[in-house]
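Listed below are the residues making up each chain.
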Amino acid sequence: MNYWHEFVKGIWERNPILVIGIGLCPTLATSSSVSNALWMTLAATFVLVFSNIIISLIKGIVPPHLRIPIFISVIATFVTVVDLTLNAFQPEVYKSLGIFIPLIVVNCIILGRAEEFASKNGLVASTLDGLGMGLGFGLTLTVLAFFREMLGANKLLGLTVIPGFEPSSMMIIAPGAFITLGFMLWGMNAYNSRKKG
Amino acid sequence: MELKVFFMILIGTILINNYVLSQMLGLCPFLGVSKKLDSAVGMGLAVIFVMTLASFFTFIVYKFVLVPFGITFMSTIAFILIIAALVQFVEMVIEKISPVLYNALGIFLPLITTNCAVLGVAVLNLKSGFITAEMGLLKAVVQGFGAGVGFTLALVIMAGIRERLELAPISKNLQGLPINFIIAGLMALAFLGFSGMKI
Amino acid sequence: MMNSIVKPTLILGLVALISAWVLSLVNSVTAPRIAQLQRDIRSRALETVLPGYTVEEEKKVTVNGKELTYWRAAKKIDEKTSRRGYAFIASGQGYSGEVQSIVGVDDTGRIIAISIVLQSETPGLGARCQELASKKTLAGVFLGGNNGPESTVPWFQQQFAGLDLNRKIQVLKKGDWNPDMQEELQQQNAISAITGATITSRTVKESIERGMEMLRSAESFTPPAEEAAK
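Chains as they are written, first to last, in the working numbering: chain X, 37 to 233; chain L, 4 to 202; chain A, -11 to 218.
This is chain X alone, in the form it adopts within the complex:
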């Protein structure tokens, strides 16, 4: 088994957002600023890695027809851990991510990886897969957030970029999110088709 490959595949080749096209809601909703994006990445990666670990450990004893409910319970447990911890120790972050913390439960990336990978592979491979997928998710999110925060708030990590420049607040809200991701996917398609042909 090639562990390195399990790790890096999530970043580009099987990037959950850009290639597989899942986990879109948190991607768009929490990329309004770079700091939101980074915290979301941290939260989602934590849940992804630990649920992958637990699921790969219990995969032998889980009855097949009860797979999904048990996986969801495991994921929901870790999500609640994140939710409570952020609420207690990072109240600002908790407030700005809002309902998207509990919604990590239904992030298809996590259940998808549990079902597709962790329930079939060993502990080390599952951990690396979780880390790689989390990183791929995070990178996409951060790039998206970089453009949105810069154009929409004229800020990066809360700091003004060009003093006196009037930003277009459309980029911060929903339309900007959709259009930016649309352009990102377009760019990726263009890159891939150029590489091929």
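You can take every hint at face value.
Cross-link-like lysine-lysine pairs, in silico, DSS-like; alpha carbons within 30 angstroms at most:
id: 1; chain 1: L; residue 1: K7; chain 2: A; residue 2: K161
id: 2; chain 1: L; residue 1: K66; chain 2: A; residue 2: K54
id: 3; chain 1: L; residue 1: K7; chain 2: L; residue 2: K66
id: 4; chain 1: A; residue 1: K47; chain 2: X; residue 2: K131
id: 5; chain 1: A; residue 1: K(-5); chain 2: L; residue 2: K99
id: 6; chain 1: A; residue 1: K64; chain 2: A; residue 2: K47
id: 7; chain 1: X; residue 1: K131; chain 2: A; residue 2: K48
id: 8; chain 1: X; residue 1: K45; chain 2: X; residue 2: K231
id: 9; chain 1: L; residue 1: K38; chain 2: L; residue 2: K175
id: 10; chain 1: X; residue 1: K95; chain 2: A; residue 2: K(-5)
id: 11; chain 1: X; residue 1: K131; chain 2: L; residue 2: K130
id: 12; chain 1: A; residue 1: K156; chain 2: L; residue 2: K7
id: 13; chain 1: X; residue 1: K156; chain 2: X; residue 2: K45
id: 14; chain 1: A; residue 1: K156; chain 2: A; residue 2: K47
id: 15; chain 1: X; residue 1: K232; chain 2: L; residue 2: K38
id: 16; chain 1: A; residue 1: K64; chain 2: A; residue 2: K48
id: 17; chain 1: X; residue 1: K131; chain 2: A; residue 2: K162
id: 18; chain 1: A; residue 1: K68; chain 2: A; residue 2: K48
id: 19; chain 1: A; residue 1: K47; chain 2: L; residue 2: K130
id: 20; chain 1: L; residue 1: K7; chain 2: A; residue 2: K48
id: 21; chain 1: L; residue 1: K66; chain 2: A; residue 2: K48
id: 22; chain 1: X; residue 1: K131; chain 2: A; residue 2: K54
id: 23; chain 1: A; residue 1: K47; chain 2: A; residue 2: K63
id: 24; chain 1: X; residue 1: K156; chain 2: X; residue 2: K95
id: 25; chain 1: A; residue 1: K54; chain 2: A; residue 2: K156
What the hints contain is simulated information worked out from the structure, not anything from laboratory work.
In this text the structure is predicted, and so the values were computed from the model without any measurement.
Since the structure of chain X is already known, use the hints to place chains L and A on it.
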């Protein structure tokens, strides 16, 4: 006065804070099931149904089970299990009662469990403070219904546009997801117009 | 048949038990901190809206079936005289849920300061009611330029300071607030709405006026004009 509040919740969830176009919830089915108009309508109806029921049951469980026992930290787990069970149950009931409806909605129902808009409405009902509000249950159910209608509206419009788009000459790299996102962005921009509306 | 129902139920029950146990452990650590944070937010807000005052008691008043929580406070001016101040919780329905603020008023009915403690408005629009007018710039941080002093009161909330609640507050659309507008706005007893979030701005203003109406039924205020006449 009271009636106005419900009207506000309804307009708010359908148009102003549309779950898909302004809160960015439920995007996977929004992009996945919007290829054909009739399947979009089917999915939309199933979502309205499940969201309304989910609002009702999660509210009841939160207020009368989780709060009295002091285990509100279990809410996420409880909600997702309620929704999963509800979807299964609805599927079974519809299959027994109306095979016609089951044929129309059946394939969409399992997809709804992982539709984040459904869990979203349950969580948002808590955040909106309906638990302690008077007539909170009714407000939560109205919010659930409105959210479902808003989702359906966005889905149906999207499906209508995409059916036309099949005939449009779109550059190869822009086809598929990229153009859909850009359309969704333009739709969101249009819906933004509602946010100046004074109710 | 029996087995196929009982066994899954037991297994799922076991999973739920384990997760409940884990979560109750986490919760026992975080719950006191979360409660503490909630109290902190309120006490810090009270300090902001009633600077120099000592809060004496928390009271509740019910008007037309609606309840208002408010605080009586006093500020010593010299040995003999002291001035009364009040703070109350104003709450209104914004676009995506409740917008709650704590408002400090003096005994003439003039706003001392407000602090928005709860809101879930659209990020980038209504949520800017809690935005600080930061002067820090990216270049400034990297190149070590002069960033100037930071304000600690969000600019939207700052506008309310000094407004007279005996008159109607006006909501003007003059774009985002800047220090140059201050004088003109004060003269007109007005605030400038957040760009693209007039409704949120209006919600805050209306909730304050409503709260003040209720407070009047419990406490008496002397408008500044009458005070001058005395």
